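**Q** The primary structure of each chain is shown beneath.
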Amino acid sequence: MLRLEPRAAPSTLMAWLSPLLAVAVTMVCGLILFTAVGKDPIASLKVFFYEPIKDVHGWSEMGVKVAPLLLISVGLALCFRANVFNIGAEGQLVVGALAAGAVILALDDDTNGGAALITLAVLAGAAGGLAWAAIVAWLKDRYNANEILVSLMLVYVAELLLSWLVHGPLIDPDGFGFPQSRLFSDGFLLPVVLPGTRLHLGMVLALVASVGGWIFLARSFAGFRLRVGGMAPLAARYAGFSSRRALWGALLVSGALAGVAGAAEVMGPIGQLTPSISPGYGFAAIIVAFVGRLHPVGVIFSSFVMALFYIGGELSQTRLGMPSAITGIFQGLLLFALLACDVLIHNRLRWGN
Amino acid sequence: MTPGPIANEPRLVLSDIVKHYPAVKANDGVSLSVEAGEIHAVLGENGAGKSTLMKIIYGVLRPDSGRMLWNGQDVAIANPAQARALGIGMVFQHFSLFDTLTVAENIALGLPPDTRLDALGQRIVATTRQYGLELDPDRHVHTLSVGECQRVEIVRALLGKPQLLILDEPTSVLTPQAVERLFVTLRQLAAEGCSILYISHKLDEIRALCHRCTVMRAGRVTGVCDPREETAASLSRMMIGSEPPRLSQHAAEPGEVMLSVRRLQLPRAHPFATELQDISFDLRAGEILGVAGISGNGQQEMLAVLSGEDRRIAPDVLAYKAYPIGHRPVAWRRARGMGLVPEERLGRGAVPELSLADNVLLTHQSARTLRRGFIRHGALRTLASEIIGRFGVKAPGPQATAMSLSGGNLQKYIIGREVMRHPRVLIVAQPTWGVDVGAAARIRAELVALREAGCAVLLISEELDELFEISDRLVVIAKGRMSPAIETAHASTELIGQWMSGLWPETGVSGGVVHASA
Numbered sequence: 593m594l595r596l597e598p599r600a601a602p603s604t605l606m607a608w609l610s611p612l613l614a615v616a617v618t619m620v621c622g623l624i625l626f627t628a629v630g631k632d633p634i635a636s637l638k639v640f641f642y643e644p645i646k647d648v649h650g651w652s653e654m655g656v657k658v659a660p661l662l663l664i665s666v667g668l669a670l671c672f673r674a675n676v677f678n679i680g681a682e683g684q685l686v687v688g689a690l691a692a693g694a695v696i697l698a699l700d701d702d703t704n705g706g707a708a709l710i711t712l713a714v715l716a717g718a719a720g721g722l723a724w725a726a727i728v729a730w731l732k733d734r735y736n737a738n739e740i741l742v743s744l745m746l747v748y749v750a751e752l753l754l755s756w757l758v759h760g761p762l763i764d765p766d767g768f769g770f771p772q773s774r775l776f777s778d779g780f781l782l783p784v785v786l787p788g789t790r791l792h793l794g795m796v797l798a799l800v801a802s803v804g805g806w807i808f809l810a811r812s813f814a815g816f817r818l819r820v821g822g823m824a825p826l827a828a829r830y831a832g833f834s835s836r837r838a839l840w841g842a843l844l845v846s847g848a849l850a851g852v853a854g855a856a857e858v859m860g861p862i863g864q865l866t867p868s869i870s871p872g873y874g875f876a877a878i879i880v881a882f883v884g885r886l887h888p889v890g891v892i893f894s895s896f897v898m899a900l901f902y903i904g905g906e907l908s909q910t911r912l913g914m915p916s917a918i919t920g921i922f923q924g925l926l927l928f929a930l931l932a933c934d935v936l937i938h939n940r941l942r943w944g945n
Numbered sequence: 003m004t005p006g007p008i009a010n011e012p013r014l015v016l017s018d019i020v021k022h023y024p025a026v027k028a029n030d031g032v033s034l035s036v037e038a039g040e041i042h043a044v045l046g047e048n049g050a051g052k053s054t055l056m057k058i059i060y061g062v063l064r065p066d067s068g069r070m071l072w073n074g075q076d077v078a079i080a081n082p083a084q085a086r087a088l089g090i091g092m093v094f095q096h097f098s099l100f101d102t103l104t105v106a107e108n109i110a111l112g113l114p115p116d117t118r119l120d121a122l123g124q125r126i127v128a129t130t131r132q133y134g135l136e137l138d139p140d141r142h143v144h145t146l147s148v149g150e151c152q153r154v155e156i157v158r159a160l161l162g163k164p165q166l167l168i169l170d171e172p173t174s175v176l177t178p179q180a181v182e183r184l185f186v187t188l189r190q191l192a193a194e195g196c197s198i199l200y201i202s203h204k205l206d207e208i209r210a211l212c213h214r215c216t217v218m219r220a221g222r223v224t225g226v227c228d229p230r231e232e233t234a235a236s237l238s239r240m241m242i243g244s245e246p247p248r249l250s251q252h253a254a255e256p257g258e259v260m261l262s263v264r265r266l267q268l269p270r271a272h273p274f275a276t277e278l279q280d281i282s283f284d285l286r287a288g289e290i291l292g293v294a295g296i297s298g299n300g301q302q303e304m305l306a307v308l309s310g311e312d313r314r315i316a317p318d319v320l321a322y323k324a325y326p327i328g329h330r331p332v333a334w335r336r337a338r339g340m341g342l343v344p345e346e347r348l349g350r351g352a353v354p355e356l357s358l359a360d361n362v363l364l365t366h367q368s369a370r371t372l373r374r375g376f377i378r379h380g381a382l383r384t385l386a387s388e389i390i391g392r393f394g395v396k397a398p399g400p401q402a403t404a405m406s407l408s409g410g411n412l413q414k415y416i417i418g419r420e421v422m423r424h425p426r427v428l429i430v431a432q433p434t435w436g437v438d439v440g441a442a443a444r445i446r447a448e449l450v451a452l453r454e455a456g457c458a459v460l461l462i463s464e465e466l467d468e469l470f471e472i473s474d475r476l477v478v479i480a481k482g483r484m485s486p487a488i489e490t491a492h493a494s495t496e497l498i499g500q501w502m503s504g505l506w507p508e509t510g511v512s513g514g515v516v517h518a519s520a
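As they're listed, the protein sequences go chains U and X.
For the first sequence, this note's numbering begins at 593 and goes up steadily by one.
For the second sequence, this note's numbering begins at 3 and goes up steadily by one.
Derived from the structure by calculation, the hints contain no laboratory data.
The structure presented is a predicted model; accordingly, all values stated were derived computationally and were not measured.
Check the hints yourself; a few may be wrong.
For each label pair, taking beta carbons as the anchor points, the in silico distance ranges come out as [claimed, not checked]:
hint, chain 1, residue 1, chain 2, residue 2, range
1, X, Phe-100, U, Ala-600, 28 to 36 Å
2, X, Asp-66, U, Asn-939, 14 to 22 Å
3, U, Ser-834, X, Glu-231, 55 to 63 Å
4, X, Val-226, U, Asn-736, 56 to 64 Å
5, U, Thr-703, X, His-379, 47 to 55 Å
6, X, Ser-98, U, Ala-600, 21 to 29 Å
7, X, His-379, U, Val-620, 24 to 32 Å
8, U, Leu-613, X, Asp-116, 30 to 38 Å
Yeah, the Cβ is synthetic: ideal placement off N, Cα and C, and Gly gets one too.
I would like the entire structure built from these sequences, with the hints used as guidance.
**A** Here it is as structure tokens:
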């Protein structure tokens with residue numbers, strides 16, 4: 593009989609292997625799933641996992657999805673390490689997009705733009721996300737409100753706010769009443785980093801954030817305080833590290849990064865404000881952060897896996913006639929598989945009794 | 003209680019018990035025999051395998067191999083319920099009582115669901131009378147003292163009419179007077195034929211109480227003896243392989259007052275905290291001031307105030323070198339020469355998952371370890387290696403995680419870490435709690451060395467032996483109040499024990515008592 597036996601010490605090897613194992617388990621489940629709905633499993637998996645990465649165009653499209661996922665998940669990795677469960681990055685992304693879009697709509701006269709104004713708009717996005725996260729931090733700090741609930745509920749507030757604005761004050765006057773803003777002029781769009789594709793500067797910002805986050809956590813004293821606060825709150829109190837500072841710091845940084853992701857979306861592939869800016873990047877980034885082991889560099893790998901699910905999901909809708917829920921199913925499978933595989937970090941499998 | 007079915011058979015015989023854990027062999031061929039009506043001590047350091055053996059007898063753990071004979075019959079005990087059915091009772095070191103329930107309700111939880119509370123109450127009263135245990139079945143557990151909580155556990159075990167009662171470190175939380183009363187009860191039980199297995203590492207108690215003693219070291223039995231014919235030194239040799247070094251007494255030369263507390267009063271922060279009512283003392287350079295008292299009498303709360311974690315007090319209640327610091331945060335106090343070694347090593351004194359090197363950074367934040375907000379990892383490793391070398395910490399190296407060390411080694415490391423900061427004031431809570439005898443001696447020697455170097459040391463401890471061994475003066479904390487200070491040379495265990503129950507003369511005592519606020 594197969595049974596679990598506790599390990600004397602957690603296995604470092606399994607800590608790194610577990611995400612890979614989880615991806616493999618997810619693929620096996622995908623195979624079973626495709627077979628069950630009567631599709632050729634191998635051909636379907638090929639559409640899902642190979643088609644998106646077979647050429648440069650495919651990789652650049654992956655990059656377009658990786659950019660927001662990576663930006664957000666780097667921030668969430670910091671947050672979760674500090675035991676601050678911000679699961680409302682989606683809302684912070686929306687408000688960031690809204691802030692950047694509002695600044696652009698106020699300044700854009702079809703002739704201006706350029707590096708300075710683009711920077712201003714991105715900073716506005718960061719400020720928007722930061723402000724939205726600050727509400728969570730304040731409610732937690734002042735009233736000890738549960739940050740999981742508050743940040744989640746603020747997602748819906750943000751989405752309704754966006755919806756109201758694009759139906760009303762920010763609507764395109766020449767848009768035949770469609771609920772969307774004017775298209776931003778070219779001077780306000782993020783430059784493309786790979787000519788001939790949609791891959792924009794957001795990818796570069798995301799990589800910078802990832803490396804910056806890594807240096808912060810591994811090398812800086814502030815990062816150390818954050819980690820100690822998450823791992824052992826009593827030790828942090830003993831050392832004199834402020835838990836309030838960690839709460840505010842973690843939420844503001846992750847909010848700002850989600851805000852930048854939102855700004856990059858509307859100033860990149862979308863090019864205007866619409867009622868729906870993100871296909872759930874803010875939620876998917878939670879899975880990305882955990883699959884990437886809450887490591888700011890590890891999340892680069894998991895962002896690519898998650899981007900693959902998004903594009904593979906789109907392709908299997910058009911090519912295989914699968915429903916759009918397929919992306920969500922794979923995301924869920926991956927998180928589930930990861931949690932299951934993580935059991936092996938502290939336990940090992942043994943035969944016999 | 004009722005004698006065994008075959009009077010000549012030993013009550014319990016264990017032979018060649020083996021139990022492996024993933025990393026260690028906790029029991030390696032242990033044999034033990036207990037006669038009816040015998041008080042049998044199992045002596046050993048922490049980690050010697052005593053608790054594992056008791057859990058095997060009580061059915062909490064299954065041995066990997068070995069035989070167990072109960073009144074001459076081969077038995078394999080699958081769970082505690084079966085052990086109780088056979089007549090084995092156990093009182094654990096850590097109580098499992100619900101604070102919000104009454105004594106009778108707590109005891110009823112372990113009995114069949116159709117037990118009537120009123121009938122149970124009468125049985126409890128009858129049992130407590132029989133053994134002089136004094137316990138009101140209708141009181142809520144949160145109103146009981148620790149000693150009374152232990153009585154609840156004992157009564158719970160006695161209601162099962164046991165033929166064998168196992169007590170795991172029963173006196174670690176008791177005042178000396180309560181220990182005496184416990185011994186009276188245990189002797190009465192033994193006289194009635196009940197066998198007692200008494201787990202302890204306190205040599206004096208074993209010599210005073212027990213008929214026979216099995217000594218364990220590193221999972222094996224190293225000797226069986228009659229403790230009444232042994233000396234503390236010979237028992238200790240069997241337990242640790244060598245005698246612990248004795249520390250020389252020291253004539254106190256009181257220095258400058260480094261830390262003074264005046265009329266510290268503090269309401270409780272949560273319902274199970276202790277309210278601080280009246281705490282005053284002076285701590286001088288070059289002395290060790292011992293704070294005696296049973297856990298839960300306000301030590302935690304006082305520590306939080308002294309460390310700076312709790313700053314709900316007026317600034318001038320607490321003074322450092324006559325300078326009010328009640329409002330100053332932890333880092334401020336540490337930067338000016340105050341240090342603290344907390345009671346909980348893992349999770350407070352050290353972060354379990356972090357390396358020893360990283361754990362240095364909890365309290366060493368200077369130009370040596372930090373540059374422009376960035377960590378100098380090389381310097382941390384060097385410091386960690388120095389601590390490991392200088393304080394005899396058994397660790398693979400500075401990269402080992404804190405949780406991979408044994409309790410005693412981690413404690414040596416934490417004390418070493420604080421000593422390396424050359425503190426002017428060091429506050430130490432329960433420094434040798436759960437630490438083996440060798441490491442405890444080393445830790446006490448470090449504290450004494452620190453005092454010789456002119457540091458003011460506040461030693462909060464439950465171990466009276468330790469307090470008497472190294473303190474220059476003693477105070478007692480009880481129910482959130484603090485006694486006057488007394489020179490250790492003029493104090494006796496009886497006096498301190500009496501003070502520990504909150505009874506001390508309010509003002510000026512003759513016979514060498516120096517009033518705390520003098």
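**Q** Hint by hint, note whether the structure agrees.
**A** Hint check results:
1. Here the CB-CB span from X/Phe-100 to U/Ala-600 is close to 33 Å, well matched to the stated 28 to 36 Å.
2. Distance hint for X/Asp-66 and U/Asn-939: a CB-CB separation of about 19 Å, consistent with the stated range 14 to 22 Å.
3. About 59 Å separates the C-beta atoms of U/Ser-834 and X/Glu-231, a value consistent with the hinted range of 55 to 63 Å.
4. Separated by about 57 Å at the C-beta atoms, X/Val-226 and U/Asn-736 satisfy the suggested range of 56 to 64 Å.
5. In this structure, U/Thr-703 and X/His-379 meet the distance hint of 47 to 55 Å, their C-beta atoms being roughly 53 Å apart.
6. Between X/Ser-98 and U/Ala-600 the CB atoms are about 27 Å apart, so this pair conforms to the stated range of 21 to 29 Å.
7. In this structure the supplied range 24 to 32 Å is violated for X/His-379 paired with U/Val-620, their Cβ-Cβ distance being about 41 Å.
8. Remark: the range hint 30 to 38 Å for U/Leu-613 to X/Asp-116 is contradicted by a beta-carbon distance near 51 Å.
When held up to the earlier numbered hints, the structure conflicts with 7 and 8 and fits the remainder.
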